[in-house]
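Peer 1: Okay, here's what each chain looks like letter by letter:
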Amino acid sequence: MLNRKKKKRTLKIGLLILSLSIFLLLVPTVKIDAARNFTDMIGREITVPEEVNRVVTTYKSATQFVLALNAGDKLVGVSIKTDKQPLFVNLQPELADLPQVGSKRNGINLETTMSVDPDLVILYPHRDAVETAEKLEEQGVTALVINPESLEQIRETTELLGEVLNKEEKAAKVLAAYDKIDSLTERTAALPEAEKKKIYFANSEFTDSVGAGMMQTALIENAGGINPAAKLKSGFITVSAENILEWNPELIIVSQFFNGDLENLTQEDKYQNVKAFKNNVIYRVPSRLEPWDFPSPSTFIAQLWLAQKTYSSEYQDLNYQKEVNDFYQTLYGKSFEELGGEF
Amino acid sequence: MSGITAVKKIIISGILLITLIVISMLIGNYELGLNDLGLILSDIFQGDLQAVENNPDWSVLYYIRLPRILIVVLVGAALSISGAAYQNIFRNPLVSPDILGVSAGAGLGVALGLLYSSGSMFYVYLIAFITGTAAVALTYWLSQLADGKNTMFMVLAGIVVSSLANALISLLKYLADPMQNLPGIVFYLMGGFSRSGWQEFYLLLPVVIVSLAIILFLRWQLNIFSLGEKEAAALGVDTEKIKLIVIIFSTIMVAAATAAAGQVSWIGLVIPHITRFIVGSNYKYYLPASALLGGFSLLLMDNLARTISGAEIPISIITALIGAPFFAYLLITKKESGWS
Amino acid sequence: MLQSNNLSFSYADQKVLKNINFRAEKGEFISILGANGSGKTTFFQCMQGLLTPDAGKILLDGENIKKMTKKEISQKIAVVPQESKNIFDYQVLDMVLMGINPWLSFAEQPGADAYQRAEDILAELEILELKNKSFNKISGGERQLVLIARAIMQKSSIFFLDEPNSHLDFKNTHLILQIMRELSSKHKTVITALHDPNLAYQYSDRVIIIKTGKIIAAGPVEEVMTAENLSRAYEIAINKDSAVFSLTFQKSRVLKQ
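Residue numbers (UniProt numbering), protein chains in the order written: chain A, 1 to 343; chain B, 1 to 340; chain C, 1 to 257.
It should be emphasised that the hints constitute simulated quantities derived from the structure, not laboratory data.
Here the structure is a predicted model, which is why all the values come from computation and not from measurement.
There may be inaccurate statements among the hints.
Unchecked claim - Stretch-level coverage of chain B by chain C, calculated; a stretch enters the list once three of its residues show a Cβ under 8 angstroms from a Cβ in chain C: (1) 85 to 93; (2) 225 to 234; (3) 278 to 286.
We put the CB at the ideal spot given by N, CA and C, even for glycine.
Chain A extracted, bound-state conformation:
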C-alpha cells in the first residue's frame, strides 16, 4: 500500500506524463466532517458524519437491514434487482425507481454511487470491498462493510447500523423481536439430546448442504433439531446420497432458492426409505416475500417456523401466524400478510 505522502509524489509524476502540468499543485486532500468513530465488521476504523441522511446499499441484505431499522427514507441508491424484490416494492414502492449501483456479485459502479451524493455506502463483505471502500473514502464518502453471516452477526449488524443511522431505539426493538423468537423456541431447544430430531437442510441442489458454523445449522439447533451434516465439516458442503440414507433424517427442509421441484424430489426411488420421505415431511423454507434462509433481519422467524414444523405437538398453544405477523409488524411496520406474504 502506498502511503499518502508517496501517493502525492507519484501522482505528480503521473500528471507530468499526461502533460496536465496545470494540475500539478493540486493534490486533493479528502475532507471529512469528523464526527463519530466506529469499527466496521471487517475491522476497518471508520468515521461517520453526525447525521447520515443519504445511504446507498450495495446488496440485498444491506437494504433489508436499513428497512428493518426504519431508515428506508434515507436510501438514495440500491443494489441491482431491487425493483424485483417483493418485500422492497411492497413496503416502499419508490425503491424501485432508485439508481441501482451494482451488486455483491459484480461490484459497484463508483460513478453511479457518487452521482447520488451519498454520506454512507453499506458494502458487502468480500475482498474487493476493502478496495472499493478506500476509493469511496477518497471521494469523502463513508463506506461501511457489514458481514451478517451468522445469527450473532445479524444481531451485531442490527446494533451497529442502528447506531450509525441514529436509529438506536428501533434497533433495540428489532433485537427484542429476535430475543422473543429465541424465548419462544426455548422449549424445544432445551429438549434432551435423545429426543431431538435430525433435520437435513438442502441448499440449491438436494446434495448441497451446510456444515458446522453455518447460520442454517444454528437455526436448526435453535429450533431443537440436529443437523447431521454438521459432523462432516464446517462451511458449505456437498454430501452424497449415501450420507443422506445413513443419517436417515426425520425432516428435510430445502432452501427457498432450491432449484429442483419438490414434487419430483419426493418421488425419488433411492430416498424412499428415509424417514422424512416416508412421512412426506419435506418443506421449502418460506417465504416468497423474502427468503428466510438467507441472512437478513427476518432470518430469526425461520427458527420459529422450523420449530413448530418439527415439533407441532409442542407448539399447539402457539399462534404461529400471529407471531409472524407481529414480527414483521415490529420490523417493517406492517404485518407479514399486509406486505403480501402468504402462509
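We have chain A; now place chains B and C onto it with these hints.
Peer 2: Coordinates of chains B and C only, in the frame set by chain A:
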C-alpha cells in the same frame, strides 16, 4: 484505404484515441458536463485550489474516471501489442496473448490472493503477477524438455499449463465460501476496471511502457521472424533470443494487465487482425497501430461497461459479445486480412 | 572460401551425411545433384551453420563456423529459399530490405542508404516497378527474383540456392540461373542444389553428386556428368552416349513445356 499512407493512418488512430479519451472524461453515470469542467478549469486558472479540492465533480473526475480511462488504454494497448507480437513468433494469425498460459496463471493468482491474503489488494496484484509469469515459465520449461526449438511444443505446453491453472482455479472456487469469497473471485476473473485507481495505474504504467518499448524496438526483427525461424536465422536474426525477449515482456505485460483488470478476452486476438487489415503487416506500422487501436477499442467497450446500466457489466462479456462475431465476420470474408 | 572436412550428420540414429569433404572457391558455380532424400538439404543446412554436425569441421573463410554467430555467418552466406507465399504479406521493398539485417546491430532499423540500395538492386534486376506491390500477389518467378535481390542485399560472398527452379517455368528457370551465373562471374560463389542434370551441365563450373549421404563424384562438369555416375545416383538406366545425353534430356524437357 490504400490511398492513405500507413504513417497517416497511425496519426489518425492516435488522434482518434486522444479524442475518445477526452470524450470518455465527459461521459459516465455521474453527470458532468462541459460547463462543470469549465468551472473546474476556471477555478484552477484563478488559483482557487481550495474550491477545486472541495468540488465533488473534480474528485469523481480525478480519482475515479481519469485513472480508469488511462488503465483501460494501457491494458488495451498491452493486450493487442502482445497479441500482435505473438502472431509472428508463432507464425500464426490465430494466436492470442494467453496462448502460453499467462491469463490462466494470473487468474489462479487472483483466486489465491483473494482467498489467502489479507489487507490491501496490492498483494492480490502481486500474487497474480507472479503466478502469471510462473505459468509461462513452466510452459517454456516443459517445451524445452520436449523439443526446445519447436514452437508447436510450446503451444501444446501452453495448453497443458492453462488447463492445469484453470483446474486449480475451479478447485479454489469449489473450496471458496460461496457467499463471500466466491462472488469476489468470479467477479474479478470476469474482468473489469471498477477497481482502477491511481495506485493501480502507477503499478501498471512502468510495466506496460517498458515492455511496449522493448517489443517496439524489435519490430524489424519481428518482421523477419514471420518468414520462419530457418529463413530468419539465415538472415542473421537470433531467433531464440528474439523469441525469449518477446515472450518475457509480453508475459509480464499481460500478467500485470490481468492482475489489474482480470481476464479480458478477445482484444489480443481481434485487434491485431483489424490492425493488419488497416495498416498491413510491416511491424514498423503494425505494432504502434495495434497499441493505439487496442487502447481505443477497449476504451470504447469499457465506456459501455460502465454506462449501459447503473451497475458494472464485466468487461469480458462485452469484449466477447463484440469480439467473437466480429472475428467470425473476418474469417468469413478474410479479404485483405494480410494473411493467407 | 567455404570448406568441410569429414563432415558427418545424423538425425537420431540415422546417418544422413557421411564424411563429406567439400571445398568452394571464390567465383565458383557449383551444382549439387542427387536423388530425393540423398542428403542435399541437410548438407546445405550444415554448411549454412543451421545444423551442427556430429563430426567434422566446417570452415568459412578459415574460421570454424561453429564458433560464429548467426549474424556473422549471414554476413558471408546468403540463402535463397524456394519461392513461396508468406504467412503475413509484406511489400516487395520490405522483403528486399530484410537482406540488410546481418549488417544492423540488435534492434537497429534500416536507414535511408539501405532503402536506396534495395531500390538499386531491384532496378538492376529490372523489377523496380514491383517495389510497392505486395509480395504474395506477384508471380512465382517475380517472387524468386525478389528473394535473389534480398540475397544480394546481404552483401555476402556465398549464395546458397536449394532447387531454386522447383516452382518456376522454363523461361524463369533460365533467367534465375543466368543471373546467378552473372553473379559468379563477379567473384561470388554460387552453390545450388538442382534436380535437373541438364541445368547443372549448362551452368556449373563444378558438379558434386551425392548418394545416401556420400559424395560419389565431384569435379568439373565434363568429368563428373557421365551416364555412369548419373545412373548410379538416380538408379535409372541412362543412355551411355554421353555426348548426346544432355541434348536429348533438354529436348524432352522443352517438349513437356
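Peer 1: Closer than 8 angstroms Cβ to Cβ for three or more residues is the test here. Does the region 278 to 286 of chain B pass it with chain C?
Peer 2: holds (count 4)
Peer 1: Go check the region 225 to 234 of chain B versus chain C for me, would you? Three or more residues, Cβ under 8 angstroms, otherwise it fails.
Peer 2: Three-residue rule met by the region 225 to 234 of chain B, so holds; n is 6.
Peer 1: Taking 8 angstroms as the Cβ threshold, is the statement that the region 85 to 93 of chain B is covered by chain C upheld or broken by the three-residue rule?
Peer 2: holds (count 5)
The earlier numbered hints are all upheld by this structure, with none contradicted.
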